[in-house]
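Participant: With the hints as your guide, set chains F, W and G with the ligands onto chain X.
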Amino acid sequence: MSITYLEAIQAAQDRALAQNESVYIYGQDVGSFGGAFKATKNLAAKYPGRVIDAPISEDAMVGSAIGATAEGMRPVLEMQFADFSTVAINQICNQAATQFWRTGVPCPITVRLPSGGTEGGGPFHSQSMEAIYAQYPGLIVLTPATVEDAYSMLLEAIAIDDPVVFCEHKYLYYHLKADQLPSKNLPVGKARIARAGKHATVVTYSAMVHEALRAAEALEEEGWQIEIVDLRSVKPIDTDTVLASVARTGRLLCVSEAFPWGGVNAEVIARVTAEGFHLLDAPPKRLNAKDTPIPFHPDLWKTHRPASQSIAASLRELLRY
Amino acid sequence: MSITYLEAIQAAQDRALAQNESVYIYGQDVGSFGGAFKATKNLAAKYPGRVIDAPISEDAMVGSAIGATAEGMRPVLEMQFADFSTVAINQICNQAATQFWRTGVPCPITVRLPSGGTEGGGPFHSQSMEAIYAQYPGLIVLTPATVEDAYSMLLEAIAIDDPVVFCEHKYLYYHLKADQLPSKNLPVGKARIARAGKHATVVTYSAMVHEALRAAEALEEEGWQIEIVDLRSVKPIDTDTVLASVARTGRLLCVSEAFPWGGVNAEVIARVTAEGFHLLDAPPKRLNAKDTPIPFHPDLWKTHRPASQSIAASLRELLRY
Amino acid sequence: MAEADIKDTNPESRDSASKYQTAFRYMLLARIFEERAASLYRAGKIMGGVFMGKGQEAFSVGLGLALDHHRGDVYGPLIRDQAGRLAFGEPLIDAARTYLGSVEGPMRARDGNVHRGNIAMGLIPMISHLGSHISVVSGRLIGKRFTGQTGAIGGVCIGDGGTSTGAFHEALNQAAVEKLPLIIAVADNQFAYSTPTSRQFACKDLVDKAIGYGIEGHSIDATDLSLCLDTFEQAATRARDGQGPQLIIGHLLRLCGHGEHDDACYISAEKKQQAFGGDCLDLARQQLIEQDWASLTDIEQWTAKIQEEVEQATSSAQREPGPDPFQESWQALSTQRLAEGHTRA
Amino acid sequence: MAEADIKDTNPESRDSASKYQTAFRYMLLARIFEERAASLYRAGKIMGGVFMGKGQEAFSVGLGLALDHHRGDVYGPLIRDQAGRLAFGEPLIDAARTYLGSVEGPMRARDGNVHRGNIAMGLIPMISHLGSHISVVSGRLIGKRFTGQTGAIGGVCIGDGGTSTGAFHEALNQAAVEKLPLIIAVADNQFAYSTPTSRQFACKDLVDKAIGYGIEGHSIDATDLSLCLDTFEQAATRARDGQGPQLIIGHLLRLCGHGEHDDACYISAEKKQQAFGGDCLDLARQQLIEQDWASLTDIEQWTAKIQEEVEQATSSAQREPGPDPFQESWQALSTQRLAEGHTRA
Ligand SMILES: Cc1ncc(C[n+]2csc(CCOP(=O)(O)OP(=O)(O)O)c2C)c(N)n1
Ligand SMILES: Cc1ncc(C[n+]2csc(CCOP(=O)(O)OP(=O)(O)O)c2C)c(N)n1
Ligand SMILES: [Mg+2]
Ligand SMILES: [Mg+2]
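Protein chains in written order, with my numbering: chain X, 6 to 326; chain F, 6 to 326; chain W, 188 to 532; chain G, 188 to 532.
Simulated from the structure, these hints should not be mistaken for lab results.
Beta carbons are placed, not taken as given, at the ideal position from N, Cα and C, and that holds for glycine.
Incorrect hints may have been included.
[What the hints assert, rightly or not] With a cut-off of at most 25 Å between alpha-carbon atoms, the simulated PhoX-like pairs for lysine-lysine come out as follows: (1) W:Lys391 with G:Lys366; (2) X:Lys43 with X:Lys182; (3) X:Lys307 with G:Lys232; (4) G:Lys391 with W:Lys366.
[Stated by the list, open to error] Here are the in silico distance ranges between beta carbons for each label pair: (5) X:Tyr179 with G:Lys391: 39 to 47 Å; (6) G:Arg524 with F:Gln24: 19 to 27 Å; (7) W:Gln430 with G:Lys366: 34 to 42 Å.
Just chain X, with the same shape it has in the complex (with noise of 0.2 Å):
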């Protein structure tokens, strides 16, 4: 048996409306089409009047699931693409974000941003927009970069009391396979070693992991090795993993497909030289898109996206300082 990640995606939502009978998931199209990308395909039938599809609202879409978890339900949210969640930002950040903090009453939401570039996608099909959620108190941000963590982060994300923005790349939703779906995986909020490595750390997330990955391979050909540090969610950022392998390596690249101004990485950054600087041996380095909307043309796009080329350039600097 083999699972995508969009499979992984599907099926988590399953496992949750199977096993809560407060999660109901709502966006445009999920109900008997299954979603733009088949994320909740099945479901509709399998749970009749949990899978609603919504008009195209996306700020009515979240408010009334707000108003929801008040009554002790628990939705999944779909976004069409991440990038339409601008026009819902207003109840994700300011509702939603705030409520606990206001009333001392949590708000169990779950907003899935299919998230990323991919060929073709152009400016409005593409975004990473983990960083803007990240800046509001108040949320949580997931970004999964493996089958296994897309579902039992997925799983976690419903079950946790606060707001949730889970952002899921729609690169890997078929590029990514693994054998099975996890019976335990590590929590949310924990960071992974997906290779482990003593000669320079790259902090990054989600897409960017698997493009770091072939960096390294690349890398070991020239007698590195390269640690690669799986974010697994940006909001919280488990610092002390970062920490720990900095101190390992003494050298940083951090890499991430989000435009290049503050973001994940600058944050990752200070966090790193302002509680490990003396672990340092090298300039923190880092690598994102560029400073332009994302192109729709294939060779723009893959010149605008950080990539396994690029990733091992910035790393053979970083090596030779």
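Facilitator: Coordinates of chains F, W and G with the ligands only, in the frame set by chain X:
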């Protein structure tokens, strides 16, 4: 004569309307009422038909301004509070910010965001959103800290061919006075040394510049000379001026009123540690607001945001290193 | 709240008399409380703003009374709904505490002004962004549908200006598609801050929007308390009966500034003489007397008792401690183990 | 586009015949081009998606023809408006280049699919977020009002699903308040992706929304080309005459998948037999013959010429170079001195 930060903003808009027929102002209550803060006082009468009340439709406000630029107009939009721009974020970040890159046709809109905390403002009338906007390619994000900058940078913002997010600080509206308006000033994109020093650098912007100045005074009594860099513009960031200051002092504290995750502080630290690692004699530090919504009660609010005392305390720690 | 006897002996008329009286006294309580809040504001005792419902107490109380939180009804008031809140069952002290920043208030001084609520009792704690609370009320009704809490309805308030928001539209449309038992009360008080309705919408009457959402609509003179009470009562019945969302437009005039910082110089004096320009409280008082549902003395007694009640609430809230920043958890997450606390730096 | 003689000799009838013919040929061109694009998609030659206007060419062409970019008119098409775009004056090659990623296309391969436009000619380059282009068209009309460009109007397209967005509402309301000369064409094709209109709105006909915005509304059978042409022509005249926004609802059926990746299994075959389920192109072809405005041979000749035209456009776009990442400026700002370029790290 004496002029406040708020009056400078009014004066800049007055002058822009006088100088250029293409300029118009659009926002809730900006017309005969002169705006919630009176930033457009008298302008509707002085420039009939060019200072227009908008319905409570932030999305359409921005969308229509974008359209008007294609007819040669240079709209200035007032959000009643920065916080409400979340419901216009899609038009700002996806429509305005991408237009030049997509089509080659510039989109000269200026979006004025009355930003930052005041006593009793609470979670939805106090936000600092500069780092949300700065993440998007295609935007310029300005954060004036002085009366002179409020004036000259707003005039320049209106003249710039790209979309500008103009974060004016409400706390400075009445608190800050100058003798007169500047006839010339540093251009947008250049940071300013707000105070010269040699023992540590504080990089900050907007209202926090004044808190940092007060902290520097306190430390002067203890024998420390603190240099303060007022960024003025957070996108772009004048990295060279920051680096030159850190080269002089060897120590860096970044201060921002925004929420702690990411943002300007993290971006500045990432730049300085990448390009000026060897300049640092101590780990870089940062000070932000706390990671909760902004409290209503003045006693909570004062603790939530950085202020001269907490900045001074951070500096003492930094200097002790 | 002060009680009084109803003199009428005809049971039906006694019922309406009693309801009218109850409504009137909530209106009076709201008015007197808000006047007190305004004077505290002028004395510099209140941080933030004070927003009054002056002129719209009848409309507000109409919805508040039509809802029953014991039945699971949900209420989403806005800034001018002090009367409705009281009628719904919110204790007066909650308002006093929130305005005055008492840590014992429902928002624990973290939020203030009119942004209070009580999720457990079905009272939505509004955020400032206009229109965004409507879908939250809808969501509670959706949640009740899932959990089998039949018979509960929701009521939500919005202003003429708030109808221009995208959030209003999405929520109304969603409620219509889901055929939720939701009453949407639009207080058309002729202004949004300083902006007249002519700059806000172009339809003749906001009730014209109902047909476009496929829902039922009613447009009333909201200075008339009887009409308000009857309209909301009927709307509640229809909503409970499965007739779907009920859009109620109340025509009235804002008889105060947008907030107490605003002198409303842009509202001409004539407006008060024109249709819907009257003071619903005065009109209701007249009505009470005319119908012989209360005497002037009764009203004076109520007023005195209410003044005392208001005095008690505000002075006890004033005596209560403010928040202690050092006792605060400074954490926005309920999941302790995932909270990062402050910046690690 | 291929020309043909009009046989009718009565001038009025000749006029409508000629207009009908023109419209038909744009429809045919759009259909044939999109079928070609679909087959290129299936052959893996197109990155991104292909979205067809199959079934709504009559409605689309109606608006495109009613606008005149030489007069300064502005057009905001959406994904199913290939026919309207051609009628408005967009060169076919622009479509081919954008789909095929030619760097010579209007979006220089930076954007693709149907996201093309030409700001100088008044053709709005849509972003994906539904509803958000409407206020952009309004803004151009506001700009024209400022600059004294009288007589120009705007036309904007949206689907049944798009009417549920907050952006749609805010823009329509704003256009009504500003009394803009704006035609809003809503193609109610019974589905938004897989979602039937019953899950999208609850009014009987979307035209019921017009009164709630205080604007004029018209609802038509959009499979009937004559009706489409007449309705949009009249709406354009009324808009130019200062009658304010014109909401036109076109009833029809989407005769294809949402995109070419979608087999539309959720649209039952009966739908095509029901009202508005017909193919506007077939109906128009019949009409041409019946009215004796064209013979089968004419149509065959047009088709042949159009096929050639389509072949030329796609094959020349295919021969053109793609973008060179090393030639790209990689800067999103027009103000060079403020551009930061890549991360400094
Ligand atoms: C989305 C949004 N934009 C702007 C504001 C600022 N604002 C607060 S109240 C108000 C006017 C509201 O008018 P209306 O809806 O008519 O209610 P009223 O004050 O008359 O009761 C405005 C513009 C806001 N709260 N939310
Ligand atoms: C705000 C937003 N949410 C979701 C989407 C994803 N999406 C693209 S097309 C579409 C369906 C549109 O349906 P409709 O408006 O009826 O137009 P049609 O495709 O039928 O022409 C959806 C949901 C989007 N583009 N924008
Ligand atoms: Mg109002
Ligand atoms: Mg449709």
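Participant: Output the indices of the hints that this structure fails to meet, ascending.
Facilitator: Hints that this structure does not satisfy do not exist here, as all of them hold.
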